[in-house]
Amino acid sequence: MPPVGAARELALDQLDDQRLVTACLAGRPGAFDLIVERHRRSVYQLCYRFVGNHEDASDLSQDVFLRAYRGLKSFRGGSSLSTWLYRIGVNVCLNRVAVKKPVMEDLDARQHVDTAAESQMERVLRQERGVQVRAAIAQLPPKQRATLVLRIYQDLSHDEIAQVLGSSVGAVKANFFHALGNLKKILGAEEDLA
Amino acid sequence: MIAHLTPEQFVDIIDGAVTDSDVPHLTACEICRRQLSELRGLMAEAADIPVPEPSLGYWDRLSARVHDAVAPEAERPRSWSERLFQPRVLIPIFASAFAVAMFVVLQPRERLTRQPPPAVALAPIPSTPLAAAGRAGLPAAVVSLPPLGSANDPQLALVAESGTAFDWDEMRDEIALSPGTDSSAVLDSLTTDEQRELQRLLADEMAQPSVPETRS
Chain S
1 MPPVGAAREL
11 ALDQLDDQRL
21 VTACLAGRPG
31 AFDLIVERHR
41 RSVYQLCYRF
51 VGNHEDASDL
61 SQDVFLRAYR
71 GLKSFRGGSS
81 LSTWLYRIGV
91 NVCLNRVAVK
101 KPVMEDLDAR
111 QHVDTAAESQ
121 MERVLRQERG
131 VQVRAAIAQL
141 PPKQRATLVL
151 RIYQDLSHDE
161 IAQVLGSSVG
171 AVKANFFHAL
181 GNLKKILGAE
191 EDLA
Chain V
195 MIAHLTPEQF
205 VDIIDGAVTD
215 SDVPHLTACE
225 ICRRQLSELR
235 GLMAEAADIP
245 VPEPSLGYWD
255 RLSARVHDAV
265 APEAERPRSW
275 SERLFQPRVL
285 IPIFASAFAV
295 AMFVVLQPRE
305 RLTRQPPPAV
315 ALAPIPSTPL
325 AAAGRAGLPA
335 AVVSLPPLGS
345 ANDPQLALVA
355 ESGTAFDWDE
365 MRDEIALSPG
375 TDSSAVLDSL
385 TTDEQRELQR
395 LLADEMAQPS
405 VPETRS
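Heads up: the sequence lines are chains S and V, in that order.
According to the working numbering, the stretch in the first sequence is residues 1 to 194, in order.
According to the working numbering, the stretch in the second sequence is residues 195 to 410, in order.
No wet-lab data here; the hints were simulated from the structure.
Check before you lean on any hint, since a few could be wrong.
Stated by the list, open to error - In silico negatives: residues of chain V with every beta carbon more than 12 Å from chain S:
| # | residue |
| --- | --- |
| 1 | THR200 |
| 2 | PHE204 |
| 3 | ALA240 |
| 4 | ASP242 |
| 5 | SER249 |
| 6 | ARG259 |
| 7 | ALA263 |
| 8 | ILE287 |
| 9 | VAL299 |
| 10 | LEU392 |
| 11 | MET400 |
To be verified - Computed, partial: chain S to chain V, Cβ under 8 Å:
| # | residue |
| --- | --- |
| 12 | LEU12 |
| 13 | LEU15 |
| 14 | ASP17 |
| 15 | GLN18 |
| 16 | ALA31 |
| 17 | TYR44 |
| 18 | TYR48 |
| 19 | GLY130 |
| 20 | LYS173 |
| 21 | LEU183 |
| 22 | LYS184 |
| 23 | ILE186 |
Glycine included, each C-beta is placed from N, C-alpha and C at the ideal position.
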């Protein structure tokens with residue numbers, strides 16, 4: 001007959017994020033691997049939005065999870081685990097772009113979207129515009145860029161973004177507004193040049 | 195002068211927290227209406243740009259990389275500070291420190307609040323038979339004597355005083371005068387040899403020169 005504790009111990013994949021963190025801190029093998037598996041895509045995409053290329057995004061994603069592992073005991077569950085990981089991700093990315101200007105990857109180099117329904121011309125135009133927008137986002141000031149990425153691509157609310165960035169909701173809304181305004185200016189300037 | 199929408203109002207409208215019809219200014223202000231339209235278009239355009247999907251098997255490789263990076267951290271023996279700053283270690287330490295602090299803080303107060311002893315103190319417990327005897331009738335000064343063996347031990351002085359109070363001549367007379375101790379009867383009980391020896395001892399004693407009697 002198995003001990004009571006073992007009978008109560010649920011399989012890792014049945015645990016929510018908070019209990020998975022607890023299991024990880026208790027030393028259960030595989031707990032952190034499951035955290036990585038659940039959040040690797042969103043963390044990678046966040047990093048990619050910041051740096052614009054696969055290699056850097058991949059390195060940064062690994063760095064995010066390594067820092068998360070080291071600081072796991074400081075996770076109190078006040079926010080969701082994904083929000084906490086985004087906070088680490090934004091800090092890691094901001095540090096990276098502060099010391100190294102990211103090399104923007106040509107979009108069609110890794111584009112695996114379904115383009116069968118598009119005409120050749122439409123696809124080229126869409127990809128060119130995509131490159132322009134990504135380049136414009138990369139020129140935004142770091143806080144505005146972080147706000148834009150978290151709001152548009154990670155679909156975080158302004159409250160959650162405020163938690164991630166450690167600022168007020170009002171400041172987040174102002175950052176978002178100015179990020180869109182600056183994006184318009186940058187794209188407009190490029191169109192004028194073209 | 196028309197007050198245009200604030201950045202926060204624009205963002206609330208873009209997010210859908212506030213509908214266009216909730217803001218009458220939009221109907222009247224062409225500038226704000228156009229700006230709102232541009233912001234919405236930009237947001238939609240930016241949101242439409244996907245992140246390229248990495249190659250097949252990339253996610254498993256990323257997991258493996260993270261696993262390999264974390265593994266040395268997981269196997270690393272904990273430093274003394276990490277072991278110390280654990281609740282199961284810190285809580286008993288703080289509890290003990292708190293208990294000691296409370297003991298130190300409260301102890302003097304307890305002494306201060308303690309009532310002074312009554313004016314008539316109980317006699318000390320006698321440590322010697324002499325002191326016990328003192329309880330039975332000797333003067334109070336004798337009862338509270340210091341321990342035996344001190345340099346000017348009053349108990350020894352008491353013994354010495356009692357010794358000098360005896361008069362050995364009186365004691366001898368008392369013995370001689372006590373009933374049943376007639377000297378002739380004693381002599382009659384001696385054998386002939388004993389009587390002869392007694393005479394010899396008396397003769398020797400009488401022959402010796404007289405010395406002053408000393409007692410020690």
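Checked hints:
Under the 12 Å C-beta cut-off, the non-interface status given to THR200 (chain V) relative to chain S is violated; the minimum distance is some 9 Å. The beta carbon of PHE204 (chain V) sits about 6 Å from the closest Cβ of chain S, which is not more than 12 Å, so the claim that it is off the interface is violated. Not every Cβ of chain S is farther than 12 Å from the Cβ of ALA240 (chain V); the closest lies at roughly 5 Å, contradicting the non-interface assignment. A beta-carbon of chain S comes within 12 Å of the beta-carbon of ASP242 (chain V); the shortest separation is about 8 Å.
Here SER249 (chain V) does not stay apart from chain S, with its beta-carbon only about 8 Å from theirs, under the 12 Å limit. Not every CB of chain S is more than 12 Å from the CB of ARG259 (chain V) (nearest about 5 Å), against its label as outside the interface. Consistency note on ALA263 (chain V): stated as away from chain S, yet its beta-carbon is not over 12 Å from all of that chain's, at 5 Å minimum. Every CB of chain S is more than 12 Å from the CB of ILE287 (chain V) (nearest about 19 Å), matching its label as outside the interface.
For VAL299 (chain V), the non-interface assignment is confirmed: its Cβ lies about 34 Å from the closest Cβ of chain S, beyond the 12 Å cut-off. With a closest Cβ-Cβ approach of about 103 Å to chain S, LEU392 (chain V) is found to remain outside the 12 Å limit, as its non-interface label requires. The claim that MET400 (chain V) lies off the interface holds: its Cβ sits roughly 109 Å from the closest Cβ of chain S, which is beyond the 12 Å cut-off. A distance limit of 8 Å between C-beta atoms decides the matter here; for LEU12 (chain S) the minimum to chain V is near 14 Å, and the interface restraint is violated.
Given hint, LEU15 (chain S) at the interface with chain V, is violated; its Cβ is 18 Å from that chain's nearest Cβ, farther than 8 Å. Annotation: ASP17 (chain S) was flagged as interfacial toward chain V, and the flag is violated, the nearest CB pair being 16 Å apart, outside 8 Å. With its C-beta approaching chain V no nearer than about 18 Å, GLN18 (chain S) sits outside the 8 Å limit, and its interface hint is violated. The criterion of a C-beta within 8 Å of any C-beta in chain V is not met by ALA31 (chain S), whose closest approach is roughly 11 Å, and the hint is violated.
Look at TYR44 (chain S): its Cβ gets to within about 7 Å of chain V, closer than 8 Å, so that hint holds up. Among the interface hints, the one on TYR48 (chain S) holds; its C-beta lies about 5 Å from the nearest C-beta in chain V, closer than the 8 Å criterion. Here the hint on GLY130 (chain S) is kept, as its CB sits about 5 Å from the closest CB of chain V, short of 8 Å. With 8 Å as the threshold, the beta carbon of LYS173 (chain S) comes within range of chain V, its nearest partner Cβ sitting at about 4 Å, so the hint holds.
Below 8 Å, beta-carbon pairs count as interface contacts, and LEU183 (chain S) has one with chain V at about 6 Å; its hint therefore holds. With its C-beta approaching chain V no nearer than about 6 Å, LYS184 (chain S) sits inside the 8 Å limit, and its interface hint holds. Below 8 Å, beta-carbon pairs count as interface contacts, and ILE186 (chain S) has none with chain V, the closest being about 10 Å; its hint is therefore violated.
In terms of the numbered hints stated before, the structure departs from hints 1, 2, 3, 4, 5, 6, 7, 12, 13, 14, 15, 16 and 23, listed from lowest to highest.
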